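*Asks:* Respectively, the protein sequence lines represent chains A and B.
Everything in the first sequence is counted per the working numbering, starting at 1 for the first residue and increasing by one.
Everything in the second sequence is counted per the working numbering, starting at 1 for the first residue and increasing by one.
Calculated from the structure, these hints are not laboratory results.
Every value quoted in this text rests on a predicted model; they were computed, and no experiment measured them.
Check the hints yourself; a few may be wrong.
No more than 16 Å apart at the CA atoms, straight line, and that leaves these computed lysine to aspartate or glutamate pairs for EDC-like [as the list claims (entries may be wrong)]:
| no. | chain 1 | residue 1 | chain 2 | residue 2 |
| --- | --- | --- | --- | --- |
| 1 | A | Lys67 | B | Glu104 |
| 2 | A | Lys67 | A | Glu19 |
| 3 | A | Lys52 | A | Glu19 |
| 4 | A | Lys86 | B | Glu39 |
| 5 | A | Lys52 | B | Asp25 |
| 6 | A | Lys74 | B | Glu104 |
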Amino acid sequence: MTLTSTMIDGTQVVSVNAERIDAAMAIQFKEDMRSQTDNGPERVILDLSEVKFIDSSGLGAIVAAMKQLGGARKLDLAGLTPVVDKVFRLTRMDTVFNLYATLEEATGGVAAET
Amino acid sequence: MEETFACSFAATELEARTGINSVVDQLRDRGLPETRIGEVQIALAEAVNNVVEHAYAGNAPGDVNIRCQLEEEKLSILIRDAGAPIPNGQLPAGEAQSLEGPLEDLPEGGFGWFLIRELTSDIHYERSEGENNLQLSFEIQMTSV
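The shape of chain B in the complex, shown without the other chains:
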């Protein structure tokens, strides 16, 4: 079994929400367990938010293309955009934020890459032909439909 589906949308916060929802609906239609869909949605949303907030920062929002490939025990999501490359071509380490210290020092951001790394089994990033290609992989166990 192998299935692919794709969607694309403009890199705005509201369009991103619609795009993420459409991927979630497709995964649900294909019988992925709800818990796993939730985890995929968290990682996908963080990756797409990064494109909206960083790759296209300060420019007219371009497109975000998402292509999902669903196999027996693996889901791969390829996120493609024509925005700025990830600085130094290196994905952020995504270390856990420290929650020590007084209330006013608690972090209000910087969780994105930590969540992506926690929830994926493999991440691959490539810059080619002026585009970012970020592939997130998830191990899955399909419930029989």
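Excised from the complex, chain A in its bound form:
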């Protein structure tokens, strides 16, 4: 398992314990996200602070993870490292997700940038 899950003030925080979400890892990530976020609270924060690299497969897996939550719940992203941030901005996915510089900002409810 590459994900760990904690609850902070009624929000589920899922931390990725891996340096890469790449093609070799994307399918497992998507499946692990499904089992972690099945029947949880409305808001899920994905803590990406340990992730140093993501490719388009990994990006697609995060999009899939958000879709799995359905329309009534949402997936916010926290702790984006420079390369991960770059991929989200280039693909304009930064306009689809709420991005927070740190997990603290995400749980404090202050948007880093939108």
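On the provided structure of chain A, position chain B as indicated by the hints.
*Replies:* Below, chain B without anything else, positioned relative to chain A:
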């Protein structure tokens, strides 16, 4: 100044990760700025993933050969494989994906060529002697070591 280095690996997802990492390590050893290394890694990973997923799709994975040439203001990466040619010999246009519409319609793929085109200064593709030769070029500014 001109330096070349090369690596090769089997076209599987895990071997590709190792190969990409080894190129990144070499670039880091040579003092490329970290931001630029990140951008090169994104484009390189997409190109190598295409070889693994498309060129060798359905066949026993062959080899991927990567050769990097580092000059004063330019990095060229030649990716060579013996898989299927790119359809019609034409590189995909790599247009940006539309993010309009409902959540369930958001794209989960198709970003690869867009990222490659955004991050490279020049791309050259040639099919010759049963091999794909894809050259990605990047403008760089070396930090003095």
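*Asks:* Can you name, in rising order, the numbers of the hints this structure does not satisfy?
*Replies:* 2
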